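From first to last, the protein sequence lines stand for chains A and B. This note's numbering puts the first sequence at residues 52 to 367. This note's numbering puts the second sequence at residues 52 to 367.
Honestly, the hints are just simulated from the structure, not real lab data. Do not rely on the hints blindly, as some may be mistaken.
Identical copies look the same in the list; a pair holds intra-copy or inter-copy alike.
Listed below are the simulated EDC-like cross-link pairs for lysine to aspartate or glutamate, each with C-alpha atoms no more than 20 Å apart in a straight line [unchecked claim]: (1) LYS87 - ASP243; (2) LYS99 - ASP147; (3) LYS344 - ASP243; (4) LYS184 - ASP156; (5) LYS172 - GLU143; (6) LYS184 - ASP341; (7) LYS99 - ASP150; (8) LYS344 - ASP221; (9) LYS184 - ASP324.
Computed from a prediction, not measured in an experiment: that's the story for all the values here.
There are 2 protein chains.
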Amino acid sequence: MKYKTRSTRRMLHGLFACLLASAVSAFGADPSASAKPPTMADVLAASKPADWHALDPADTLYLQLATGRVVIELAPQFAPHTVANIKALAREKYYDGLDILRVQDNYVVQWGDLNADNPAKRRSLGKAQSTLKAEFTLPLGKDFTFTPLQDRDGYAPQTGFAGDFPAALDLTTHATWLTHCYGTVGVGRDNDANSGNGAELYVVIGGARWLDRNITVVGRVVQGMELLSSLPRGSGELGFYTKIEHPVPIESIRLAADVPPAQRTNLEILRTDTPTFATLIESRRNRHDDWYKVPAGYIDVCNVPIPVRAVGAMKP
Amino acid sequence: MKYKTRSTRRMLHGLFACLLASAVSAFGADPSASAKPPTMADVLAASKPADWHALDPADTLYLQLATGRVVIELAPQFAPHTVANIKALAREKYYDGLDILRVQDNYVVQWGDLNADNPAKRRSLGKAQSTLKAEFTLPLGKDFTFTPLQDRDGYAPQTGFAGDFPAALDLTTHATWLTHCYGTVGVGRDNDANSGNGAELYVVIGGARWLDRNITVVGRVVQGMELLSSLPRGSGELGFYTKIEHPVPIESIRLAADVPPAQRTNLEILRTDTPTFATLIESRRNRHDDWYKVPAGYIDVCNVPIPVRAVGAMKP
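The shape of chain A in the complex, shown without the other chains (with noise of 0.2 Å):
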């Protein structure tokens, strides 16, 4: 299930295999077996220690509010320019006493320096870059690996895993870029698609796919989540707080490795490229307890879980 991408022949042949696969068997018949297949939970129970890895604390953001922390994992990989200028503006503790400025239902959580577009009044940007090249998509190199989703996808030629992110790739173009799914950070931008930097960002409430190769991915949210998504939306249009709601102040973005150990939030995430990831995935695609009358025989990217669980939890 794991490949890289040196051998594009048989990646390619590979690829219209599953998109096949995935056409006859999308709503075929459930297959009856004998024992009864693996939930979610089953697979995670049989886990290994090696089917996890740890959140490397040098590419952890932990987003403070004064409901809690939200963990941001950075994917320096798709966006090395712009990921490395977050750093250097959390750093600089740039993000520090700023507002979420728009929360719009079922699309993004946004924040940043309300005065960004007034010279007078914005703040300083400190050492960090004000523009930056757009990194939307990422040529398809060679030490890229990818574990393909078989399920065939309307907005991509080919779905799949990235590391711990949820990611699409297209052959014809050899670019491969990060999806927007439910949890993943982006950056703000004017219509210059160069215009983003990282000081504004945003977080997926919803679906959002059309968003993708029109934004750079920064990373995703792994925990905390629902200190997001449970905040007011916001009454002016696109979602945009006014002066009737509550301002919601960002107390602090603090990349993990600036933080002392002892008050780290450490995690772990389930390896996409795993047997075990592909038999969750399986899980999850067709669901097998008592509740469910008909399986789904199918499974989008955005709704694949990718586990998280506290270092040294036996259980997510």
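Since the structure of chain A is already known, use the hints to place chain B on it.
Below, chain B alone, put in the same frame as chain A:
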């Protein structure tokens, strides 16, 4: 774009043609046009009064919370017996004073009687039925009309719109059903498929297409989703509220027809069987405003907005 199920052979042909066209066009180049294609705002501004229809008070529920009113459009065509039972319960004021029991992040908000399983303590259903036969799918009838969406879907052979609702159909089983999109309202049940009665209802606050054909869908929220989606998430298993959380009471659920006209929320819905709606879908499938750099070339049935506006409003 509209057909009746009478012409099954023709429809089959049409479906395959649609799927093929979609497969070819989904990842193709953006067709360059001399005139800029309309945005959704343009489409709505150009809509005619006949493109809209008023919500029927006899099939509209008002869910009243302390924070405001949630308006639910019922779908009696898809679940006649369950919708009738829900109306009976609303007339008896069965729901008044019950609590929201469960808010599971990116999944559902659910309310009902906390003591439903305790014969000694549960609230009486009055004249309403305590069990109902499942209405998970509807057999394709002679008079059923369906506006197909050209874009291929993973969870169903064909998606589209049945009246004001996102829906799917399967010509091999001659069945149609409402899809679990954001805002879909369904009936909680136990493991027995026929154990739902409408006394316990849920609203989807994420994507949940894998529930399709497993549960009776009775309608969708057309206004006030943000009052549900921004509720605190439950800390218990499956998002059930525990003693930690403050309860969220249901003040009342009323059929709009039982509310004095002056107190009604008068809404109109854009008809889905119109050229205007077809143009709106395309405006969302491929966005051409200055911000977007790469049109998606695809749209998921759950991402097609079905516009709602106040009666007499020029804009939604």
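Hint by hint, here is what the structure shows:
no.: 1; hint: LYS87 - ASP243; result: between (53 Å within a copy, 18 Å between copies)
no.: 2; hint: LYS99 - ASP147; result: neither (39 Å within a copy, 49 Å between copies)
no.: 3; hint: LYS344 - ASP243; result: between (49 Å within a copy, 9 Å between copies)
no.: 4; hint: LYS184 - ASP156; result: neither (29 Å within a copy, 34 Å between copies)
no.: 5; hint: LYS172 - GLU143; result: within (18 Å within a copy, 58 Å between copies)
no.: 6; hint: LYS184 - ASP341; result: between (51 Å within a copy, 18 Å between copies)
no.: 7; hint: LYS99 - ASP150; result: neither (41 Å within a copy, 41 Å between copies)
no.: 8; hint: LYS344 - ASP221; result: between (36 Å within a copy, 17 Å between copies)
no.: 9; hint: LYS184 - ASP324; result: neither (30 Å within a copy, 43 Å between copies)
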